[in-house]
Amino acid sequence: MSRIANTFKALKETHRKALIPYITAGDPHPDLTVSMMHALVDSGADMIELGIPFSDPMADGPTIQRASERALAHHVGLSHVFKMVKAFREKNTQTPIILMGYANPIEAIGAEAFVERAKAADVDGIITVDYPPEECMQFTKLLKEKNIDSIFLLSPTSELDRVKLIIEQASGFLYYVSLKGVTGAANIDIEQVKSKVGIIRELTDLPIGVGFGVRDAATAKEVAKISDAVVVGSRMVQEIENSNKDNLIQNISKLMKELREAVN
Amino acid sequence: MKPYDMPDEKGHFGQFGGVFVAETLIEALDELRMTYEKYRHDPDFLKELHYDLKHFVGRPSPIYHAKRWSDRVGGAQIYLKREDLNHTGAHKVNNTVGQALLAKRMGKPRIIAETGAGQHGVATATISARLGLECVVYMGAEDVKRQAPNVYRMKLLGATVVPVESGSKTLKDALNEAMRDWVTNISTTFYIIGTVAGPHPYPMMVRDFNSVVGVECKSQMKEMLGRQPDVVVACVGGGSNAMGIFYPYIDLPDVRLIGVEAAGHGIETGKHAAPLTANSPIGVLHGNRTYLMQNAEGQIIETHSISAGLDYPGVGPEHAWLKDIKRAEYVAVTDTEALNAFHSLCLTEGIIPALETSHALAHAEKLAKTMKPDQVILVNLSGRGDKDINTVAKISNISL
Ligand SMILES: Cc1ncc(COP(=O)(O)O)c(C=O)c1O
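Protein sequence lines correspond, in order, to chains A and B.
For the record, in the first sequence the residue sitting at position 98 is 1384 according to the working numbering, with numbers rising by one throughout.
For the record, in the second sequence the residue sitting at position 137 is 266 according to the working numbering, with numbers rising by one throughout.
Take these hints with a grain of salt, some might be off.
[What the hints assert, rightly or not] BS3-like cross-link-like pairs, simulated, lysine-lysine; straight-line CA separation at most 27 Å: (1) B:K139 - B:K183; (2) A:K1450 - B:K139; (3) A:K1450 - A:K1369; (4) B:K139 - A:K1427; (5) A:K1405 - A:K1430; (6) A:K1430 - B:K233.
Treat the hints as calculated values from the structure; they're not laboratory data.
Quick caveat, the model's predicted, so the values are computed rather than measured.
Looking at chain A on its own, in the form it has when it is part of the complex (with noise of 0.2 Å):
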């Protein structure tokens, strides 16, 4: 079984949620982004989700462009993200790492040198926002030979077809975007969310995870009420743009905190 779906099991049996924070890789500085991992860790966090730079964010909002803005000023890419995912390794071997990014840089070093390379790293899941089922079946075949779960986006907008179609290739959980936007965008509408959760439920066991315009510590335990996880982004991003070097640590872990408080 991966680490991903451990972690689900083991949360389940003591009726816990998963909290999954977000960050980009290299945001602020290369150097704290690892530290950062760990203070996630240590403050409650379940999983991490952790965001490849790219030039061209198609799907994000101002929050988290700037967040790979910042990242890309310090040339960060693919061969740090690996990195800082091993250096991370080196003392937590029990944290599931999902990277989330966009197909581009994937392409760039090639479909195949990626999946090699985010094994020998030990992530756990891969997100590619741009890369719909129909696009990726290769790709998702190559993780799944190394067991790495594939994470798909789906959408209020997505039709019953599209749902099956994208439960058969996802494994690990399934990403239920809960707004029409991109991230950061605007807030839930958390009976709305509820209802679509409740038809794909019928369709699956995977876990269902919510994320797209998790604000704050409210909506992340009414999120949690109908969910299996919780994705916060754009919040914890913002979080770190407004810290600086000296208190960096000690505001993503007090949110972290929070958003754990509120979840339990």
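Got chain A; can you put chain B with the ligand on it based on the hints?
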């Protein structure tokens, strides 16, 4: 020979094209694809489209024999397809009229567009005004500066122009921002993409709407000369004017097709916008797979061209395909060569071409010299240069 019939059902031109977008956009693209399938051969739709092309755009545009310029250059005869004479001054309007009619049928009250040179933005603002639709145009902050007259034209036409400050502040960033708007406002909004890029069905649909250019050329050339040209030349930014004139000629193997990219300061300097000529690697951007200017880490790199409309790191997927199957050839000309051709056409023919178009003219000039006087080059004169006079004046150290 089997007639050319690309793309496949999923929008692939061989390994190029496709639909590389976040799940949140899939349904909107499906809806668009189905709407386009429904209307592309619908007699009422076509009747309305042709009415607008004739009475609003002013089609057919003439073909003009640039005799004095041909004599001056020496060699082949150069003919110009006068897309600059269209309403709004470029080929872009052919596509916007088509897509706007689809938007109307889909009942979408709001139109968005990205623009580089501003020609597509102006064409979109124009048709939106005519149909009474709200219009928002995204334009890189850099381009807002260098295409000021077009920005004002869009405003006069009632559009909101949003300067895009992210990334390189040019066309690619405007496209990113328009996509973000679309995903956020999907139910009310129709996104009119201005070139043969983006996810399927855009590359196919934009090509189809622009292919009126090539279709007219075929019958006009026949009428004028009793034969087709030896070579067809067009500039390539995303590639819509080139696809428009190439497409009807693809199945005529005796007609050479040449796309001209922007070599900027020179291919060897790295400061250019010529992914095909520079043999850039294949990548994924803006919803399709194509040749793409990028670094080793897969980050899109900054492009350079004197003309905002060619300042784009990728190229429409069908051009990538035509290059690979060797049906079309791709070359590049520098800023300086384009400027020289610009002045040359102004002075010998009394036509002020767009800087984008001047790239095609510069290559036609080079090529003509190597050809015989009874041979024919047809250039897509994709747009007029009124929008560029500030840029050209500045280079000549003249303040207007
Ligand atoms: C006159 C003119 N020609 C050419 C282009 C380049 O676009 P495409 O390659 O899609 O024809 C533009 C774009 O703005 C333009 O305004």
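Hint check:
| no. | hint | result |
| --- | --- | --- |
| 1 | B:K139 - B:K183 | violated (32 Å) |
| 2 | A:K1450 - B:K139 | holds (19 Å) |
| 3 | A:K1450 - A:K1369 | violated (36 Å) |
| 4 | B:K139 - A:K1427 | holds (20 Å) |
| 5 | A:K1405 - A:K1430 | holds (11 Å) |
| 6 | A:K1430 - B:K233 | violated (45 Å) |
Checked against the numbered hints above, the structure violates hints 1, 3, 6; every other hint is satisfied.
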